[in-house]
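Chemist: Spelled out from the first residue to the last, the chains are:
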Amino acid sequence: MTRLAVPKTYKLYIGGKFPRSESGRTYEVLSNSGEFLANAAMASRKDARDAVVAARSAVSGWSGATGYNRGQVLYRIAELLEGRRAQFVAEIRDVEGVSAAAASAQVDEAIDRWVWYAGWADKYVQVAGNANAVSGPYFNISVPEPTGVVAIVAPQDSSLLGLVSAVAPALVAGNTVVVIASEKLPLAAISLSEVLATSDVPGGVVNILTGSPAEIAPWLASHADVNAIDLVGAGSLDWISMQVAAADTLKRVFTPENGPDAAAPALGRITGFTETKTVWHTKGLI
Amino acid sequence: MSFLEYAPAPESQSILHLKSDYGLFIDGEFVEGQGTPFQTISPATEKHIANIAHASEADVDRAVAAARRAYDTTWSRMSGSDRGKYLFRIARLVQERARELAVAETLDNGKPIKESRDVDVPLVAAWFFYYAGWADKLDHAGLGANPASLGVAAQVIPWNFPLLMLAWKIAPALAAGNTVVIKPAETTSLSAMIFAEILQQADLPAGVVNIVTGAGETGSALVNHGDVNKVAFTGSTAVGRMIARSTAGTDKRLTLELGGKAANIVFDDAPIDQAIEGIVNGIFFNQGHVCCAGSRLLVQENIHDEVIERLKARLSTLRLGDPLDKNTDIGAINSREQLERIRELSDIGEQEGAERWTADCAIPENGFWFAPTIFTNVSTSNRIARDEVFGPVLSVLTFRTPAEAIAKANNTPYGLSAGIWTDKGSRILAVADKLRAGVIWANTFNRFDPASPFGGYKESGYGREGGRHGLAAYLKPAASASAIAAAPAKPVTAAKAQNASEGAAASARAASSVTAAKAKKASK
Amino acid sequence: MTGTQLIPTERALALIGGEPSDANLRRYLHGIPGVDAVGLEQRAAALGTRSVKTTSKAWALDTIIKLIDLTTLEGADTPGKVRSLVAKALTPDAGDPSCPRVAAVCVYGDMVPYAVAALGAAHGDPDKGGVSVAAVATAFPSGRASRSIKLEDTADAVRAGADEIDMVIDRGAFLSGRYGLVYDEIVAVKEACKRPDGSYAHLKVILETGELNTYDNVRRASWLAILAGADFIKTSTGKVAPAATLPVTLLMLEVVRDWYRLTGEKIGVKPAGGIRSSKDAIKYVVTVAETVGEEWLTPHLFRFGASSLLNDVLLQRQKMASGHYSGADYVTID
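Protein chains in written order, with this note's numbering: chain A, 3 to 288; chain B, 63 to 586; chain C, 12 to 345.
A few of these clues could be false.
Lysine-lysine pairs mimicking DSSO-like chemistry, simulated, CA-CA at most 27 Å apart [claimed, not checked]:
| no. | chain 1 | residue 1 | chain 2 | residue 2 |
| --- | --- | --- | --- | --- |
| 1 | A | K285 | B | K147 |
| 2 | B | K496 | B | K470 |
| 3 | A | K186 | A | K48 |
| 4 | A | K125 | B | K199 |
| 5 | C | K68 | C | K330 |
| 6 | B | K486 | B | K374 |
| 7 | B | K374 | B | K470 |
| 8 | C | K139 | C | K205 |
| 9 | C | K330 | C | K290 |
| 10 | B | K388 | C | K205 |
| 11 | C | K290 | B | K388 |
| 12 | C | K205 | C | K290 |
| 13 | C | K139 | C | K92 |
| 14 | C | K330 | C | K64 |
| 15 | B | K496 | B | K486 |
| 16 | C | K205 | C | K64 |
| 17 | C | K277 | C | K68 |
| 18 | A | K125 | B | K374 |
| 19 | C | K64 | C | K77 |
| 20 | A | K13 | A | K186 |
| 21 | C | K330 | B | K388 |
| 22 | B | K199 | B | K147 |
| 23 | B | K374 | C | K277 |
| 24 | B | K388 | B | K374 |
| 25 | C | K64 | B | K388 |
| 26 | C | K77 | C | K250 |
| 27 | B | K486 | A | K285 |
Just a sample of chain C residues kept apart from chain A, beta carbon distances all over 12 Å, derived [what the hints assert, rightly or not]:
| no. | residue |
| --- | --- |
| 28 | G50 |
| 29 | E52 |
| 30 | A87 |
Source of the hints: derived by calculation from the structure; they are not laboratory data.
For glycine and all other residues, C-beta sits at the position ideal for the given N, C-alpha and C.
Generate the whole structure from the sequences, applying the supplied hints.
Modeler: What follows is the structure in structure tokens.
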């Protein structure tokens with residue numbers, strides 16, 4: 003006889019914990035063929051607000067860690083993803099309805115992309131920074147620093163790869179993240195949060211919300227304690243209004259990208275959410 | 063007679079050959095504007111200097127069309143080395159006409175001649191020299207091989223450093239291969255008009271730089287023009303916000319240098335005499351009309367009284383008066399409107415309970431003047447501790463520990479600059495790490511250099527001007543290069559990789575994933 | 012501040028907080044805020060850009076002359092050379108009787124009697140129209156001799172009629188941290204400046220800033236000299252490069268200003284060596300006026316140690332009077 007399965011409860015991931023939505027709402031996640039797969043938490047604006055609070059409080063620790071340390075922590079996530087390959091492949095097949103090979107390829111690429119970004123953590127400063135030869139007795143150096151709290155609307159047509167492509171680069175420099183997962187394909191995102199929770203990533207560094215980007219993203223776009231917003235997956239929403247709202251506090255904005263190559267790996271995805279700080283110091287021998 | 067009063071030492075105005083009326087500079091020619099011309103006056107005397115043309119929307123359209131034509135037919139096709147040579151020419155001409163430019167700037171802006179002569183104009187020449195050399199080295203700008211220019215840049219600049227801000231905008235734009243339409247501030251168009259003459263002398267191809275004078279609506283027409291590819295603005299955060307809103311959803315690249323409320327942090331082991339000079343320079347340089355001014359003095363509580371006493375003694379030696387006098391330290395406030403704002407905020411400071419002290423100096427009868435003022439007993443919630451006054455007004459707050467200093471310094475929506483004064487090297491580096499500001503001066507203040515990136519965090523704007531970063535703000539990766547991110551990634555188009563950072567207008571836009579594939583020029 | 016009621020040594024002890032031992036002095040001197048070289052030099056350069064014209068310039072030129080210690084310090088000095096120097100001091104511009112006299116002549120100790128004799132009735136306080144005699148002492152310029160020789164060198168010059176003693180500090184001792192030794196020596200030399208009537212020759216303490224090298228050292232040595240009883244602090248012997256510079260002089264003026272804030276007592280400053288042009292000297296005058304105030308521009312509080320400066324000032328003075336440029340043959344050599 004067949005064993006009775008134990009279904010998983012998919013919750014939000016905020017501040018290293020797995021709360022339900024404060025609104026008590028859930029929504030049905032369906033397979034590509036329309037079958038019920040799970041109930042996902044439907045995050046509210048208050049959940050988004052809580053996520054920003056968690057992200058803000060994690061900024062100082064995460065951005066203050068050495069690049070070497072962040073690189074190791076990020077690499078560790080790749081290791082854990084590798085260990086859960088089968089789970090992710092299964093979830094992607096379920097929700098996206100793709101072949102095992104395609105699902106595997108997506109997971110592999112996501113893991114490899116994560117590794118690629120992990121390696122940047124102690125290098126992007128060297129590539130994006132400068133020693134400046136100024137005309138005077140000064141030591142002068144420019145270094146990129148994380149901008150702070152980054153809100154992300156993850157690509158909506160990819161379970162894992164799109165999410166990783168947007169989240170990983172934001173983390174490299176030391177930003178903390180509030181990400182709204184793909185509305186229709188949220189299962190891998192929730193599993194990723196389980197990976198994050200068992201990794202060395204401090205609570206609050208990544209906060210994952212499931213639900214309606216159209217409902218939550220505007221709140222993040224106008225939130226004064228969010229420093230940047232990545233609208234990569236907001237192409238089908240009224241993203242221009244969000245960019246306008248983001249202008250109220252001069253947030254840094256990435257605009258939508260569509261297609262399978264959305265959020266393709268690039269150093270620009272790291273440096274785009276950094277601030278260049280230039281420090282002058284006098285040089286005097288006597 | 064007191065020796066310290068010094069005999070008058072006015073800089074001669076005979077070097078100026080001003081016209082009574084200045085037109086717009088479009089397509090290499092001075093042309094009349096369609097709007098009603100307005101006067102530019104000397105803020106030190108309120109006397110009329112010249113009439114300035116007022117560009118209408120149609121004038122702006124003409125200017126953008128000229129810039130587009132010049133971009134398509136000339137400038138984007140020219141070799142980098144030839145573009146560089148034009149910029150070198152401009153730099154030399156600025157040096158040759160340096161005194162004239164300095165006198166014009168001081169007359170029109172009200173800043174002391176010693177500043178326009180020793181700071182503004184030399185930096186203008188330096189900016190053109192620096193970026194001239196970049197024009198044929200764009201492969202090294204950090205965007206991979208053969209980066210492409212953006213097209214037509216719309217630039218709007220403020221009145222505090224009229225010519226210097228023009229140089230900050232034009233030099234990197236031209237070096238990168240863009241053409242320019244620039245709008246000077248309404249009250250300070252004069253030096254830009256002399257600069258237009260320099261462009262004619264340099265034989266710069268027509269339309270590469272176009273200068274449209276006017277007020278806010280001219281600037282608005284320019285940044286909202288459908289055929290500009292890049293918008294660069296320096297000015298208030300309020301206007302910067304409007305521009306960010308209006309360019310949302312477009313492909314325009316945006317760089318914003320906005321307001322600031324910089325903390326100048328003085329620890330008890332600071333080199334005290336230099337710190338006092340740094341405080342003075344930080345807030346009273348250019349009458350405090352400086353976005354990165356050290357307007358919040360954070361002084362360690364145990365030396366507060368001593369610092370204030372020394373500061374007051376030093377301020378009492380500052381000489382306020384005729385900006386054209388070579389011994390003037392504090393010139394005129396740029397406009398009546400600005401003077402009223404400074405007065406209003408200072409009055410609020412008093413009402414909120416801060417203690418006001420003003421240097422005892424005679425105020426000239428005509429013109430716009432505000433004596434150096436410091437407020438003690440200021441708390442972080444006072445408006446003079448939060449709002450940008452943009453005038454010679456210093457707010458003094460205290461702290462007890464480095465952590466408190468950092469917390470107070472960062473407690474502002476702005477993040478442009480900061481100062482640190484201490485003899486302890488390790489503390490400088492640690493505090494500099496934790497300050498959320500784009501430019502940090504340690505044991506110095508208000509230093510500028512074309513090689514040094516300048517720009518803010520948070521509501522002080524985004525993007526950097528100066529250095530390699532300032533150049534990259536006018537470039538994009540080669541359009542046709544194929545991006546090989548790393549081993550795992552499937553080849554993706556560079557356009558995608560670059561698109562990733564499109565909206566951010568972040569300074570370092572380096573898409574390292576773009577390999578040095580044979581890149582063709584970006585076709586428009 | 013109770014210091015003003017105490018005699019100098021007691022006040023120094025109170026400030027130092029104990030005996031003037033190396034350790035106590037180190038604690039005190041190293042507790043003084045440091046100097047940022049770049050900022051100091053920028054401030055000096057900024058003061059140097061003041062534009063001093065017309066009436067201000069005329070006043071400055073006359074003031075400079077009145078503040079000069081006209082100096083000859085050569086191994087080849089003779090009574091004849093000193094007489095010539097004195098004549099120049101008394102009549103700087105033979106063609107202009109309105110030209111003021113210099114403050115003092117500065118010579119080696121053995122030349123003091125000839126200077127005194129040559130001055131005759133004109134020998135006296137510059138504030139009262141006289142010209143003083145300053146003697147370098149304490150094994151000038153190196154200061155490398157035993158204490159007893161230095162004290163006798165000093166006493167000998169005072170006995171011969173020197174009004175002012177320009178001593179050198181022991182730079183070797185200072186640089187090796189033996190602050191107590193430097194302090195004691197200044198105190199002892201000051202005592203050797205005492206005349207039989209109980210009055211003292213004015214003591215100028217030469218720091219030899221070119222050998223102290225760093226601005227922090229100059230600031231500490233300035234404080235040390237003042238604590239020990241210096242009436243004046245002086246930059247240099249003129250025998251070591253760099254001699255006086257504007258930043259060093261500014262720094263010493265800042266110390267003097269801070270001492271005045273602390274005690275109400277005014278100490279003099281003398282830049283010496285390397286100031287040759289009126290243009291440079293005017294920068295010093297500006298720096299004095301804007302750092303400690305115009306009241307310091309008197310012979311008792313500020314001097315230029317110089318020789319060739321005088322003639323350049325005279326050329327400028329003649330230009331201001333006549334409206335055309337003068338030439339070297341229209342001023343006398345000494």
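Chemist: All the hints need checking, so say for each whether the structure fits it.
Modeler: Each hint tested on the structure:
1. For the suggested pair K285 of chain A and K147 of chain B, the alpha carbons sit about 33 Å apart, so the restraint of at most 27 Å is broken.
2. A threshold of 27 Å between alpha carbons decides the hint, and for K496 of chain B with K470 of chain B the separation of about 12 Å falls inside it, so the pair holds.
3. Taken as a hint, the K186 of chain A and K48 of chain A pair is honoured in the structure, with Cα atoms around 21 Å apart against an allowance of 27 Å.
4. For the proposed pair K125 of chain A and K199 of chain B, the alpha carbon gap of about 24 Å is at most 27 Å, so the pair holds.
5. Among the hinted pairs, K68 of chain C with K330 of chain C is consistent with the structure: their alpha-carbon atoms are about 12 Å apart, no more than 27 Å.
6. Simply put, K486 of chain B and K374 of chain B have alpha-carbon atoms about 26 Å apart, close enough for the 27 Å limit, and the pair holds.
7. Annotation: proposed proximity of K374 of chain B to K470 of chain B holds, straight-line Cα distance about 24 Å (limit 27 Å).
8. A hinted pair counts as satisfied when its Cα atoms are at most 27 Å apart, and K139 of chain C with K205 of chain C qualifies at roughly 22 Å.
9. Note on K330 of chain C and K290 of chain C: the hinted pairing holds, with a Cα-Cα distance of about 14 Å set against a maximum of 27 Å.
10. Distance restraint check for K388 of chain B and K205 of chain C: the Cα-Cα separation of roughly 48 Å exceeds the 27 Å cut-off, and the hinted pair is therefore not satisfied.
11. A distance of roughly 16 Å separates the Cα atoms of K290 of chain C and K388 of chain B; the hinted pair therefore holds under the 27 Å criterion.
12. The straight-line distance between the Cα atoms of K205 of chain C and K290 of chain C is roughly 38 Å, outside the 27 Å bound, and the hint therefore fails.
13. For a cut-off of 27 Å, the pair hint linking K139 of chain C to K92 of chain C stands: about 26 Å separates their Cα positions.
14. Taking the CA atoms of K330 of chain C and K64 of chain C, the gap is about 13 Å. The hint holds against a cut of 27 Å.
15. The hinted pair formed by K496 of chain B and K486 of chain B meets the criterion: a straight-line CA distance of about 16 Å does not exceed 27 Å.
16. Using a Cα cut-off of 27 Å, the hinted pair K205 of chain C and K64 of chain C is violated, with the two alpha carbons roughly 43 Å apart.
17. Straight-line distance between C-alpha atoms of K277 of chain C and K68 of chain C comes to about 26 Å, which keeps the hinted pair within the 27 Å bound.
18. For the hint linking K125 of chain A to K374 of chain B, the alpha-carbon distance of about 47 Å lies beyond 27 Å, and the restraint is violated.
19. Using a Cα cut-off of 27 Å, the hinted pair K64 of chain C and K77 of chain C holds, with the two alpha carbons roughly 19 Å apart.
20. Proposed proximity of K13 of chain A and K186 of chain A is supported: the alpha carbons are some 15 Å apart, at most 27 Å.
21. With a CA separation close to 22 Å, the supplied pair K330 of chain C and K388 of chain B stays within the 27 Å bound.
22. In summary, the hint linking K199 of chain B to K147 of chain B is supported, as the alpha carbons are separated by about 13 Å, within the 27 Å threshold.
23. Under the criterion of a C-alpha separation no larger than 27 Å, the hint pairing K374 of chain B with K277 of chain C is consistent with the structure, at around 21 Å.
24. Restraint check for K388 of chain B and K374 of chain B: the C-alpha separation of about 23 Å stays at or below 27 Å, so the hint holds.
25. At roughly 11 Å between alpha-carbon atoms, K64 of chain C and K388 of chain B fall within 27 Å of each other, so this suggested pair holds.
26. Taking the CA atoms of K77 of chain C and K250 of chain C, the gap is near 24 Å; set against the 27 Å cutoff, the hint holds.
27. Proximity of K486 of chain B to K285 of chain A is assessed by CA-CA distance (about 14 Å); at most 27 Å being required, the pair is judged to hold.
28. Chain A draws G50 of chain C into its interface by the beta-carbon criterion, the shortest separation being 7 Å against a cut-off of 12 Å.
29. With a least beta-carbon separation of about 8 Å from chain A, E52 of chain C fails to lie farther than 12 Å from that chain, contradicting its non-interface assignment.
30. For A87 of chain C, the condition that its CB be more than 12 Å from all CB atoms of chain A holds, with the nearest at approximately 33 Å.
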